[in-house]
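Here is how the chains run, residue by residue.
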Amino acid sequence: MFMSMNSISVIVHAALLTNLRLASAAVLAITIGMAAANAQARDHIRIVGSSTVYPFVTVVAEKFGKSTNFRTPIIEATGSGGGLKLFCAGVGAAHADFANTSRRIKKSELEKCKQHGVTDIIEIKIGYDGIVLANSKAAPRFSLTRKDIFRALAKQTPKPNFNSNASGGGELLARNAYVTWAEVNAALPADKIEVLGPPPTSGTRDAFVELAMEEGCSQVESLHSMRETEPATYKVVCHQIREDGAFIEAGENDNLLVRKLVKNPKALGIFGFSFLDQNTDVVQGSLVDGVPPEFENIADGSYPISRPLYVYAKAAHLRLIPGMAELMAELTDEDTWGDEGYLAERGLIPMPPAERAAFRAAAQQQTTMQF
Amino acid sequence: MSGLRAPSAARAGADAVKANRSSPESLIRKSLRARYRRERRFYQTGVAAIAMGVLFLLWLLGVSAHQASSAFFQTYIALDIQLDATQFASLPLAADERRQAIADANYNKMIKASLRATFPAASSRQDKRRLYQLVSDSAEYMLRDAVLRNPDLLKPPSVQAPRRFWVLADDEVDMFMKGYIDRAQPEANRRLSDQSIAWIEHLRAQQRIEKRFNRPFFTAGDSRDAEQSGILAATLGSFFTLAVTMLLALPVGIAAAVYLQEFAPKNKLVDVVEVNINNLAAVPSIIFGLLGLAVLINFFGLPRSVPLVGGIVLALMTLPTIIISSRAALAAVPPRIRQAALGVGASGVQTVVHHVLPLALPGILTGAIIGLARALGETAPLLAIGMVAFIVDVPSAPTDPATALPVQIYLWADSPERAFVERTSAAILVLLALLAVINGLVAVFRNKMETRW
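Chains as they are written, first to last, in numbering that gives the first Met the number 0: chain A, 0 to 370; chain B, 0 to 452.
To be clear, the hints were calculated from the coordinates, so they are not data collected in a lab. A quick note: this is a predicted structure, and the numbers were derived from the prediction, not measured. Ideal Cβ positions, reconstructed from N, Cα and C, are used throughout, including at glycine.
Taking lysine-lysine and the DSS-like style, the derived pairs with C-alpha atoms no more than 27 Å apart in a straight line are: (1) B/K127 with A/K65; (2) A/K65 with B/K111; (3) A/K136 with B/K177.
Some chain B residues close to chain A (C-beta under 8 Å, calculated; not the full set): (4) Y140; (5) Q184; (6) R189; (7) S304; (8) G385; (9) V387; (10) A388; (11) I390; (12) V391; (13) D392; (14) P400; (15) S414; (16) P415; (17) E416; (18) R417.
Please put together the full structure from these sequences, using the hints given.
Written out as structure tokens, the structure is:
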């Protein structure tokens with residue numbers, strides 16, 4: 000009944016909206032009607048979300064498709080925010096079943112979900128991803144602190160000779176005037192600051208700003224008073240990245256970024272650990288706060304710039320779309336996300352065993368988030 | 000042509016110039032010489048422009064072909080596999096169940112056993128893991144398919160002795176065989192350990208590892224394992240998308256062009272329509288994608304990621320191109336054709352359908368191909384309607400989820416594994432080859448039909 004209504008409305012709209020000849024209108028309407036009928040029942044899982052999680056979840060999906068009788072899930076890399084928007088748009092075959100994110104779901108996004116009837120969400124953390132600052136192996140390895148990172152890359156920095164007793168916040172800040180690394184920190188080389196990094200639309204950028212810049216910012220003493228007196232300005236100062244050419248937005252293609260680093264040994268690049276892991280013969284990760292970006296250091300949390308990766312499942316779809324529970328089982332299997340699982344080979348940093356057990360239990364018992 | 004011949008004539012008259020330098024004749028000769036120089040420069044600029052275009056094209060082709068050449072070959076490893084008779088001991092008799100039981104056997108176990116038998120020295124957990132990684136994850140499915148194709152392998156004489164099967168090597172092994180992994184690097188900086196390289200060398204000495212024509216590349220869908228990935232799914236996705244595009248855009252576009260060019264009255268409304276069609280031709284393609292998302296998916300409830308929606312969106316995008324070029328082709332048909340047809344008593348519609356349209360068809364086709372070629376290379380509108388996605392299954396209809404060739408290129412270019420670099424280039428070559436075939440076919444077709452007046 001619903002289907003035929005749909006087709007009729009399609010024909011009416013096609014006739015009204017376009018000035019086609021009757022025949023073409025009918026052809027269009029019939030094909031659309033057929034497809035609409037097709038949309039009612041969906042036999043494959045749809046996953047949307049972060050491009051950082053994409054290389055991991057696609058591997059799981061492919062394995063799932065090959066080893067079970069279910070169809071291989073379809074995965075779109077829409078970015079964390081875009082993915083959650085699609086995920087939260089509603090319940091039904093037209094909406095996504097899983098959302099991948101490279102950060103935890105926000106309260107505002109949960110509210111959005113609730114408004115559209117998506118109330119039962121299963122949260123599965125799948126592991127960690129480190130964000131590395133890497134340069135060509137032709138150059139010496141960098142050793143940075145997060146304070147260095149902030150001073151080298153912030154749009155505004157405190158004036159070096161600023162006297163904190165003298166006057167208000169307006170004069171405290173100036174446009175970032177550091178040109179070489181040596182000016183930032185005398186221990187660093189006297190080369191021009193040149194950092195290739197992700198654009199503002201990227202989740203990697205969000206995480207980098209939050210974990211490296213913000214933390215580095217909080218270590219700058221002259222900004223401490225500002226944090227209490229002008230929290231809004233403080234946040235802007237900590238989050239803004241310079242736009243005078245020292246930081247170059249290199250697009251979302253991390254492979255290209257690696258090749259640019261090889262061509263330009265003086266440049267640093269910011270990208271996810273999995274790309275460093277695949278290119279260890281040409282690039283090296285800088286030490287951050289004295290810790291090298293290695294598998295073990297990211298896993299135990301001693302490497303400071305790392306973030307959790309999540310997969311969210313829509314519990315209401317478990318009865319609607321075949322294979323969701325089985326896919327979650329595959330995802331949370333030790334052979335998948337464990338210390339020696341196939342995701343670790345792809346560069347995913349596994350969680351500690353206890354955390355894995357907790358999230359596996361959540362996936363098995365289909366425990367939904369409380370909010 | 001005369002401009003090229005003229006300078007020698009000017010040189011012939013040089014003696015006369017010497018005789019009288021300030022006569023009006025010599026002034027004319029001087030200005031003529033300057034004119035010929037300018038004309039030569041003009042021709043040379045033209046040739047230089049074409050040469051530059053050709054050079055860029057050759058460069059692009061050269062770089063792609065160079066990087067892609069290795070992708071057309073893939074490394075295979077020969078394994079002596081003992082089919083596990085215990086697993087096939089009690090097969091059901093009914094054909095369907097029997098087939099299912101054969102398919103369900105644990106082939107991975109047999110492959111691992113074979114690898115262990117070849118390299119008995121690998122005993123630690125770590126070593127064994129590395130050893131199993133020499134072959135592709137798809138090896139077990141290749142073995143399964145081989146057994147399903149030839150169930151006689153399970154009968155007594157065959158099943159008793161190990162049998163040689165060629166299976167795909169892992170992409171890291173493939174990269175090593177193709178010389179992309181530098182052995183001089185310290186072990187920690189390589190994706191392949193010293194031990195793995197030693198095993199590969201051992202296999203090479205026994206001629207059990209070799210590069211073969213990469214058939215999976217043309218017969219498989221996408222995969223996150225480079226060695227298993229292919230472009231068939233993306234190519235078919237592009238095919239279905241373009242089929243829908245042409246089915247919609249060609250009749251609608253030609254009908255609109257014929258009406259506007261031949262029958263439409265001259266008034267404000269028609270002027271507005273014309274201006275809008277010209278405007279639409281310049282609208283960025285992503286806008287059409289967003290339109291498709293808002294109208295087709297959100298309003299009409301069509302599924303995401305299907306070539307049907309992609310085709311409709313691209314049809315909207317190519318429609319203005321087809322209308323504009325079709326109108327130009329119709330306008331190029333001389334008025335005397337129409338007058339003659341009308342003169343012998345044809346109606347307006349008969350004049351157009353029987354005489355004008357067939358004569359304009361070559362020009363219309365050219366426009367349609369320009370539109371088709373643009374649609375074939377388009378990714379931006381497909382992003383909005385979900386066709387930029389990881390889709391493994393090969394589509395069999397325009398309503399099956401699919402990607403398109405340029406999308407596949409984009410997705411591979413963004414993959415961390417290095418083996419995808421050559422595949423990206425190979426996919427680019429395939430896309431270019433398809434374009435060349437389409438353009439070539441149309442050129443042949445057009446030459447056959449073309450009329451000169």
